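Asker: So the chains spell out like this:
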Amino acid sequence: MERRRVFIAHRNKKFIKRIRHVLTEAGYNVVGTAVDAGSALRKIRTLKPDLAVIDMDLPTMGGLQLAGIIDESRLSDVILIAGNASIDQDISFPFISKPITKSTLLQSVNLVFINRQRIKKLEREIDKLKDILENRKYIERAKGILMRDLGLTEQEAFRRIQKESMDRGLPMKDVARAIITARNTTR
Amino acid sequence: MKHYTKEQVLELARENNVKFIRLQFTDIFGTLKNVAITMDQLQKALDNEIMFDGSSIEGFVRIEESDMYLRPDPSTFVVFPWRPDDSRVARLICDVYNSDGTPFEGCPRNVLKRALKEAEDMGYSMYVGPEAEFFLFHTDEEGKPTTITHDNAGYFDLGPVDLGENARRDMCLTLEQLGFEIEASHHEVAPGQHEIDFKYDDALTTADNIMTFKMMVRIIAQRHGLHATFMPKPVYGIAGSGMHMNQSLFIGDKNAFYDPKDKLGLSKEAYYYIGGLLKHAKGITAITNPLVNSYKRLVSGYEAPVHIAWSMQNRSPLIRVPAGRGKATRLEMRNPDPSCNPYLALAVLLKAGLDGIKNKIQPPPPINKNIYDMTRAERKELDIPSLPKNLKDAIDELKKDDVIISTLGSHVFNRYVEAKLIEWDSYKVQVTPWELEQYLSKY
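Protein sequences appear in the order of chains A and B. The opening residue of the first sequence carries number 6 in this note's numbering; numbering runs sequentially from there. The opening residue of the second sequence carries number 1470 in this note's numbering; numbering runs sequentially from there.
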């Protein structure tokens, strides 16, 4: 399996070093680090990590706003590191509160990756369903055209599209779209 | 241009889950100002009942006359595309009115409207297409802009990824979501320099668009960890940023600058308009090139204009007539830079051109030779004057030009000149790094 790519943004270089050590030992690939929000954005946009571990108290922009931009632009997943004071805020990202232990860090990072895989799987399924729905829409319309123009029954119309698709080696959706286009241009 | 009624604005705001509305206007120095209101206050705002303290705005009014009203222009309503769906932010561009219900004469948008009204009375409507250039620089660890560009700042383990290109693509997408039609977008001459051109529109819409454009470019740059600057000449020795203004006048849907019977395809109005622009070029420079720094762009060698002349092909003079004819007939004014206040800049350009038409000012023949390459004697023989060389000269020229002064109105003129003289005086007494380098060890 490809090593999971992580980015760390924290104002304190020593802290970055410690987290980098823990994550690297656990098998993650720390692809980059930053001590301010500006360079974090520049690097994340170029390095495209899977996950960004971001301190809430990051200079120049604050971790929460940075996380918002990363999320809205779909750049990577985010875990925030929250000071005790910020826990009460309405935070819509997974976060770990300070002080951070090795086990909470690794558990949270692992959790994000498990969720990430599940979400990816769901997204793939949604895409597939969208595709099917789309195909069906075209095939229905093409069927309607054949039924009206050639006086076929619904079943005959469907078979006709299916046969055309097999004979020509084209997906049924493409045949259906061709029928619709032909109809629209000849009318 | 879109046209919304108040009711449509309310409906659109509700449909889009808008929570906050920014009421925007521009001060005389071209800075965008915001008064933020919540959705509950939108009706009140659309009924022109939102008040603000004008004395808090630089160059606006004195304390004793500080109550001002904002009149939103419903057709400027847009919803910003980047906020989460459940609490979106929209904006409305406003005119500023006095408490007695008269238009505030210090409001740049009103200044442009006044000029457009005069054009309308003569039968003309003005269309403008801007070409704005800007630089994208890195920010440092404190978030302050630097003059470091992406082009020379590769990261150790990366290929040649140009973050500036990505940011610009994002800017174009966002602008399109806001209804802009992007005509061109490319990397410019200098490292880190970019240009985005959007479709021409009526002058007021274009001025509004320029303000929106600058705001968007800055915001998107920030989201890429970059700083976008419209400073005219941020780095010595490389090209500066201009904002060429392509102008045309229309009578109904006919381009008034086009005449197929003319040798160059230009109408009498076009020639007179050029004559007017050339006549008032010195007087309008303080408005179109408003900063001390603007004049460091207006030097030879970087495609920026220096000489007051016009041409059909050559890019060195102040005004170029691009090849397009018919509806696309237009005059490209090349000195404005993107730090100018677009409302005031378009107002003075228009009024200079109209003065040409009114007084039938015949321009000198076009110069189709590179003026940069001519000797001083050759230029003198052709009688080619130069643009003001610095902000002080430009202000002095502005003070001499009654047409431009009356375009601005006494309020804007007085505040503007006062502020710009302070800017100049403060600059004049600085000891620059250049001086230290040249003189410190030598003398």
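No wet-lab data here; the hints were simulated from the structure. Since the structure is predicted, the reported quantities are computational estimates derived from the model, not experimental observations. Please note that a few of the clues may not be correct.
Unchecked claim - Each computed EDC-like pair below joins lysine to aspartate or glutamate, with the alpha-carbon atoms no more than 20 Å apart:
(1) A:K178 with A:E139
(2) B:K1586 with B:D1670
(3) B:K1488 with A:D95
(4) B:K1737 with B:D1722
(5) B:K1668 with B:D1631
(6) B:K1513 with B:E1476
(7) B:K1613 with A:E128
(8) A:K53 with B:E1634
(9) A:K133 with A:E145
(10) B:K1723 with B:E1801
(11) A:K53 with B:D1631
(12) B:K1796 with B:D1728
(13) A:K125 with A:E145
(14) A:K53 with B:E1611
(15) B:K1582 with B:E1645
(16) A:K19 with B:E1610
(17) B:K1488 with A:E77
(18) B:K1858 with B:E1772
(19) A:K22 with B:E1610
(20) A:K168 with A:E145
(21) B:K1796 with B:E1772
(22) A:K18 with B:E1610
(23) A:K18 with B:E1611
(24) A:K18 with A:E30
(25) B:K1897 with B:D1852
(26) B:K1861 with B:E1892
(27) B:K1668 with B:E1657
(28) B:K1668 with B:E1645
(29) B:K1765 with B:E1892
(30) A:K125 with A:D62
(31) A:K107 with A:E30
(32) A:K19 with B:E1611
(33) A:K18 with B:D1609
(34) B:K1796 with B:E1892
Asker: Taking 20 Å as the top limit, are the C-alpha atoms of K1723 (chain B) and E1801 (chain B) close enough?
Answerer: 19 Å, holds
Asker: K19 (chain A) and E1611 (chain B): Cα distance at most 20 Å?
Answerer: Judged against 20 Å, a Cα distance of about 18 Å means the pair holds.
Asker: Do the alpha carbons of K1668 (chain B) and E1657 (chain B) lie within 20 Å of each other, as the hint requires?
Answerer: Holds - the C-alpha atoms of E1657 (chain B) and K1668 (chain B) are around 19 Å apart, at most 20 Å.
Asker: Tell me if the straight-line CA distance from K1796 (chain B) to E1892 (chain B) falls inside 20 Å.
Answerer: 42 Å, violated
Asker: Below or equal to 20 Å on CA atoms is what counts here, so check K1765 (chain B) against E1892 (chain B).
Answerer: 15 Å, holds
Asker: With the threshold set at 20 Å, check whether the alpha-carbon distance from K18 (chain A) to D1609 (chain B) stays at or below it.
Answerer: Holds: K18 (chain A) and D1609 (chain B) sit about 16 Å apart, inside 20 Å.
Asker: Do the alpha carbons of K178 (chain A) and E139 (chain A) lie within 20 Å of each other, as the hint requires?
Answerer: Roughly 8 Å separates the two Cα atoms, so the pair holds.
Asker: Tell me if the straight-line CA distance from K1858 (chain B) to E1772 (chain B) falls inside 20 Å.
Answerer: 16 Å, holds
Asker: Given the hinted pair K1668 (chain B) and D1631 (chain B), is their alpha-carbon gap at most 20 Å?
Answerer: Violated, because 26 Å separates the two Cα atoms, which is more than 20 Å.
Asker: Assess, step by step, whether the Cα of K53 (chain A) is no farther than 20 Å from the Cα of E1634 (chain B), and give holds or violated.
Answerer: Within the cut-off at roughly 16 Å; holds.
Asker: Holds or violated: K1796 (chain B) with D1728 (chain B), Cα cutoff 20 Å?
Answerer: 11 Å, holds
Asker: Verify the proposed pairing of K22 (chain A) with E1610 (chain B), using a straight-line Cα cut of 20 Å.
Answerer: 18 Å, holds
Checked against the numbered hints given earlier, the structure breaks hints 5, 7, 13, 14, 15, 21, 25, 30 and 34 and satisfies all the rest.
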